[in-house]
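S.K.: Here is how the chains run, residue by residue.
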Amino acid sequence: MNFMASKQPENSLLGPESDSQRTLYPYVTGTSVVALKYKDGILMAADMGGSYGSTLRYKSVERMKPIGKHSLLGASGEISDFQEILRYLDELILYDNMWDDGNSLGPKEVHNYLTRVMYNRRNKFNPLWNSLVLGGVKNGQKYLGTVSMIGVNFEDNHVATGFGNHLARPILRQEWHENLSFEDGVRLLEKCMRVLLYRDRSAVNKLQIAKITEDGVTISQPYSLKTYWEFSAFENPAQGAIGSW
Amino acid sequence: MDLEMNLNAPHSMGTTIIGVTYNGGVVLGADSRTSTGMYVANRASDKITQLTDNVYVCRSGSAADSQIVSDYVRYFLHQHTIQLGQSATSKVAANLIRLLSYNNKNMLETGLIVGGWDKYEGGKIYAIPLGGTLIEQPFAIGGSGSSYLYGFFDQAWKEGMTKDEAEQLVVKAVSLAIARDGASGGVVRTVIINSEGVTRNFYPGDKLQLWHEELEPQNSLLDLLNSSNSEPMNI
Numbered sequence: 261m262n263f264m265a266s267k268q269p270e271n272s273l274l275g276p277e278s279d280s281q282r283t284l285y286p287y288v289t290g291t292s293v294v295a296l297k298y299k300d301g302i303l304m305a306a307d308m309g310g311s312y313g314s315t316l317r318y319k320s321v322e323r324m325k326p327i328g329k330h331s332l333l334g335a336s337g338e339i340s341d342f343q344e345i346l347r348y349l350d351e352l353i354l355y356d357n358m359w360d361d362g363n364s365l366g367p368k369e370v371h372n373y374l375t376r377v378m379y380n381r382r383n384k385f386n387p388l389w390n391s392l393v394l395g396g397v398k399n400g401q402k403y404l405g406t407v408s409m410i411g412v413n414f415e416d417n418h419v420a421t422g423f424g425n426h427l428a429r430p431i432l433r434q435e436w437h438e439n440l441s442f443e444d445g446v447r448l449l450e451k452c453m454r455v456l457l458y459r460d461r462s463a464v465n466k467l468q469i470a471k472i473t474e475d476g477v478t479i480s481q482p483y484s485l486k487t488y489w490e491f492s493a494f495e496n497p498a499q500g501a502i503g504s505w
Numbered sequence: 005m006d007l008e009m010n011l012n013a014p015h016s017m018g019t020t021i022i023g024v025t026y027n028g029g030v031v032l033g034a035d036s037r038t039s040t041g042m043y044v045a046n047r048a049s050d051k052i053t054q055l056t057d058n059v060y061v062c063r064s065g066s067a068a069d070s071q072i073v074s075d076y077v078r079y080f081l082h083q084h085t086i087q088l089g090q091s092a093t094s095k096v097a098a099n100l101i102r103l104l105s106y107n108n109k110n111m112l113e114t115g116l117i118v119g120g121w122d123k124y125e126g127g128k129i130y131a132i133p134l135g136g137t138l139i140e141q142p143f144a145i146g147g148s149g150s151s152y153l154y155g156f157f158d159q160a161w162k163e164g165m166t167k168d169e170a171e172q173l174v175v176k177a178v179s180l181a182i183a184r185d186g187a188s189g190g191v192v193r194t195v196i197i198n199s200e201g202v203t204r205n206f207y208p209g210d211k212l213q214l215w216h217e218e219l220e221p222q223n224s225l226l227d228l229l230n231s232s233n234s235e236p237m238n239i
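Just so you know, the sequences run in chain order A and B. Per the numbering used here, the very first residue in the first sequence carries number 261; after that it's consecutive. Per the numbering used here, the very first residue in the second sequence carries number 5; after that it's consecutive.
Keep in mind that the hints were calculated from the coordinates and are not lab data. Each residue gets a CB set at the ideal place from its N, CA and C atoms; glycine is no exception. Incorrect hints may have been included.
Said to hold, decoys possible - What follows is a set of in silico ranges between Cβ atoms, one per label pair, in the way DEER data are often shown:
(1) A:Glu435 <-> B:Ser199: 52 to 62 Å
(2) A:Trp359 <-> B:Thr166: 51 to 61 Å
(3) B:Gln83 <-> A:Phe385: 29 to 39 Å
(4) A:Phe494 <-> B:Gln172: 37 to 47 Å
(5) A:Leu316 <-> B:Ala160: 10 to 20 Å
(6) A:Phe385 <-> B:Ala68: 19 to 29 Å
(7) A:Phe494 <-> B:Tyr79: 58 to 68 Å
(8) B:Gly186 <-> A:Gln434: 44 to 54 Å
(9) B:Ser199 <-> A:Pro430: 54 to 64 Å
(10) B:Gln83 <-> A:Pro430: 47 to 57 Å
(11) A:Trp489 <-> B:Leu226: 55 to 65 Å
Let the hints inform the model, and build the full structure from the sequences given.
M.R.: Structure (structure tokens):
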């Protein structure tokens, strides 16, 4: 019998948490997702970490999943909410297939659906605690969009969630260009992921890179990045000022 | 936006629970301490609860919440077994736990580890932490005592252990957690599930190995004094 009171300040206007459904905080979370458009489609990268507060608790969580024939979804934030979103999308794709009319939902449609879901949940003060990246190719048209837990959504040539917004997007702004080759795209994503590994506490050195083209989705096997620590300045940083860091 | 990390996240949940797969089945383990604040309300609880003949769950966190969730799931699985005409799989059990944990995430405070054996997938372990994430793993640890075991398992876990190796690993791990976690204690209980059935085991403190700074238990000081007469009470 453990009486764990959840932390609400005394002057909170929120009311008891058990009233009505409202998610107030995430538990098991994924960190950044980074994605960019390249010559043949979309490349997306995410590490395989599921953090539990400051503990790096789960290290084999797949945070990118194919959706239907034409889309790829990457998620950061609460993993249980991501699993629920996958169930919603499963149903959406099922109904789409059951029409059996030769048409299929493309990435733009899936992104729109997700945006509506996320925004409506936000309006009810019960958000799905995720930032999502939706990429895909349909009929030669590449699409890359993002939706946040409050329903902010937009499309761009390169997107990122969480820390990636601060660390990866500046790199992408400098180095992204139209018609990147697969190799250049992968190297650019790895550059971003390496910086995130150095500077994001919740990053884990085990990642996957996913590619979606007209032909379909491929998600790489999990792998780790080499890191560089051999700067001379790192060897004895306090030399010029003993006691400093 | 979502950088506002919640500062409340993982608070400790009294208990140490473990689930481990081995080649042929699973081994579940737990301590036996139930605490109310600083008082030990029950020093011999059984935290490994049966859901079906072949699926068990390790409970941690709020005793009330974990009991009610496992009671509902046992009830659902019973009906499911009748309707299905054969034993439920561990995946179904785990998903039922997930549904309750996820859909009531604002009210519940319980972390569960589901372990079982079925003829389709053999031995499987599923972790369902706070929030209702479902994650299948070769082994899982939970409860407040698990904080002390992450490093231990990183080093000691191996794929393809035998039944005895797996059980010894679980007993050693729970015992190590009990040594350091105030909210864990009592005896170590294990449950082994495989194609042959279910075996429950019980390891009281005196059957476990001693760790750092722990001493061999004695009946009395007098025994020590009498055994080595050359060492009378030292200052």
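S.K.: Hints the structure violates: just list their numbers, smallest first.
M.R.: none
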